[in-house]
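Undergrad: Since the structure of chain A is already known, use the hints to place chain B on it.
Protein chains in written order, with the numbering used here: chain A, 1 to 248; chain B, 1 to 321.
These are computed hints drawn from the structure, not numbers from a lab.
Do not take every clue at face value.
[Unchecked claim] Subject to a maximum C-alpha distance of 30 angstroms in a straight line, what follows is the list of computed DSSO-like cross-link-like pairs (lysine-lysine):
no. : chain 1 : residue 1 : chain 2 : residue 2
1   : A       : K2        : B       : K183
2   : B       : K59       : B       : K32
3   : A       : K161      : B       : K210
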Amino acid sequence: MKILVCISHVPDTTSKINFTENDTKFDTNGVQFVINPLDEFSLTRAMWFKEKQGASVTVVTVGNIAVEPTLRKALAIGADDAIRVDTEATDGFFVAKQLAGVIDNGGYDLVLAGKESIDYNGGMVPGMVSELCGFNFVNACIGLEVNANEFVAQREIDGGKETLEGHLPAVIAGQKGIVEEKDLRIPNMRGIMMARKKPLQVLAPIEVSASTRTEKFEKPAAKGECKMVDAGDLDQLIDLLHNEAKVL
Amino acid sequence: MSVLVFAEQSEGKFKKTALEVVSFGKELASQKGTELVVLTINAEDVSALSNYGADKVLKVKDPRLDTFSAKAFADCVSQAAIKSDADVVVVDSSSDALYLAPLLAIKLKAGFAANVMAQPESLEPFIIKRKAFSSKGFNFSEISTPVKLIGLSKNSFGLKENPSSPVEEDFQPDLKEEDFAVKATSTDKSTGTVTIADADIVVSGGRGLKGPENWGMVEELADILGAATACSKPVSDLGWRPHSEHVGQTGKPVASNLYIAIGISGAIQHLAGVNSSKVKVVINTDPEAPFFKAADYGIVGDAFEVVPQLIEKVKEFKATA
Numbered sequence: 001m002k003i004l005v006c007i008s009h010v011p012d013t014t015s016k017i018n019f020t021e022n023d024t025k026f027d028t029n030g031v032q033f034v035i036n037p038l039d040e041f042s043l044t045r046a047m048w049f050k051e052k053q054g055a056s057v058t059v060v061t062v063g064n065i066a067v068e069p070t071l072r073k074a075l076a077i078g079a080d081d082a083i084r085v086d087t088e089a090t091d092g093f094f095v096a097k098q099l100a101g102v103i104d105n106g107g108y109d110l111v112l113a114g115k116e117s118i119d120y121n122g123g124m125v126p127g128m129v130s131e132l133c134g135f136n137f138v139n140a141c142i143g144l145e146v147n148a149n150e151f152v153a154q155r156e157i158d159g160g161k162e163t164l165e166g167h168l169p170a171v172i173a174g175q176k177g178i179v180e181e182k183d184l185r186i187p188n189m190r191g192i193m194m195a196r197k198k199p200l201q202v203l204a205p206i207e208v209s210a211s212t213r214t215e216k217f218e219k220p221a222a223k224g225e226c227k228m229v230d231a232g233d234l235d236q237l238i239d240l241l242h243n244e245a246k247v248l
Numbered sequence: 001m002s003v004l005v006f007a008e009q010s011e012g013k014f015k016k017t018a019l020e021v022v023s024f025g026k027e028l029a030s031q032k033g034t035e036l037v038v039l040t041i042n043a044e045d046v047s048a049l050s051n052y053g054a055d056k057v058l059k060v061k062d063p064r065l066d067t068f069s070a071k072a073f074a075d076c077v078s079q080a081a082i083k084s085d086a087d088v089v090v091v092d093s094s095s096d097a098l099y100l101a102p103l104l105a106i107k108l109k110a111g112f113a114a115n116v117m118a119q120p121e122s123l124e125p126f127i128i129k130r131k132a133f134s135s136k137g138f139n140f141s142e143i144s145t146p147v148k149l150i151g152l153s154k155n156s157f158g159l160k161e162n163p164s165s166p167v168e169e170d171f172q173p174d175l176k177e178e179d180f181a182v183k184a185t186s187t188d189k190s191t192g193t194v195t196i197a198d199a200d201i202v203v204s205g206g207r208g209l210k211g212p213e214n215w216g217m218v219e220e221l222a223d224i225l226g227a228a229t230a231c232s233k234p235v236s237d238l239g240w241r242p243h244s245e246h247v248g249q250t251g252k253p254v255a256s257n258l259y260i261a262i263g264i265s266g267a268i269q270h271l272a273g274v275n276s277s278k279v280k281v282v283i284n285t286d287p288e289a290p291f292f293k294a295a296d297y298g299i300v301g302d303a304f305e306v307v308p309q310l311i312e313k314v315k316e317f318k319a320t321a
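The following block holds chain A by itself, in its conformation from the complex:
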């Protein structure tokens, strides 16, 4: 089985989000970048397929040279090789087209990704890739088994889960549950050393226009003061929620 894992390079979850250049650019100053946590769950599942079922695992990302440390980290976790499409990721559609280009020539059976990136939260790239490549697709996947040409997946639905069956090739967009938090791997020194020597191929981008563009960013309005209520006076809380906030 040939697996491709799509990785997004995103600000660490603890990052303070600021904007610069008149609120038109995300301020990367002082921001630590990581593998998108949802992609990491899917990457970890891919490692399981590699170890238990002899799959090969390639990781891919769309971005300029600055994203390479994130790809190297994926290699240190255990991916076999990496691909970087050398262009700035402008929007979800643009990225999906670049990934579809990699997949069309790659002979992959299974494409794994996270269900969304924690920066732009578009949640669109995996589904778009599946449609562009004519692959089957499962979103919000919380469990995945593959046997020969068939997969069985669980996806999260509102208020429960659903089991789905289909055949490869498929795009699966994972989240926590496809593996557990405790299954995530921290690269060890040997992995980090080996990652330096693993192949990282740089591809020229496909020419395509983005379908959306960020005009500007905005930060949430500052929060007003928190009204403190005495623990012994819960009638006041009920009163505030009913009469002031009008949510009871």
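TA: Same frame as chain A, now just chain B:
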């Protein structure tokens, strides 16, 4: 030209989020001076749509669509959009809508903005405000394609009544076998409990509750409030509560009217997930807990004393209301 909205239903009824997208679609259609077309799939009773301004209702009836299939549903919406000459298509943010929307975007060659907060800032160019960075920021996204696809964030626009007398029309999209290539074989859905996605009120517990055996009071409070239960990331990582309850940046976003956080300190990742809730109440023993800075109402106190009392107070309130 028209605005097309897909109104999802669940167990024979339109969900609140479906009526919200209809309300949103109506206002947008009025702004554009076009009509609002609402697509329904296997809905028996579409009368609710006339309360929120539908001008036309397209009714798809097909037993193959009794079970959700993202590809088949995306095909229905796409063909309805072409038939109605829609240049804006709106869906909600349910798990099914999030699944089908990217497929639909490709089918319609539509630029797609998800997590949309409000009506467009301008129609020409088409610029719309959406949540990004897990609600730690917003971006104003310009969609440059002729057809625009919008995923409306839950509870961001609300319901707006707008009585109308819609024309109803049966619509038979052309579905192919490959639309059903991924088959749902079973569903495991809790019935009778409120889900985080649909809840107006969410009661959430953190590590301050010390162990899964102490969740009885959280569930009781949720129960009398008609609320959903949720938890912080450490609680789900420890296995005290299921992942489906994990609220935060890598878990679920919450956009309820009221969010009650019990024993949750308020890590930045958790706050990101609950930012979109309108009113936040925090109960914590530590007056320095960062969550108080993001809350509307705070109580410094021991959850094991405060919550049982709060349950009694809410019961009294419900009895008199």
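Undergrad: Each hint: holds or not?
TA: Consistency of the hints with the structure:
A hinted pair counts as satisfied when its Cα atoms are at most 30 angstroms apart, and A:K2 with B:K183 qualifies at roughly 23 angstroms. Note on B:K59 and B:K32: the hinted pairing holds, with a Cα-Cα distance of about 24 angstroms set against a maximum of 30 angstroms. Taking the CA atoms of A:K161 and B:K210, the gap is about 28 angstroms. The hint holds against a cut of 30 angstroms.
The structure meets every hint from the earlier list without exception.
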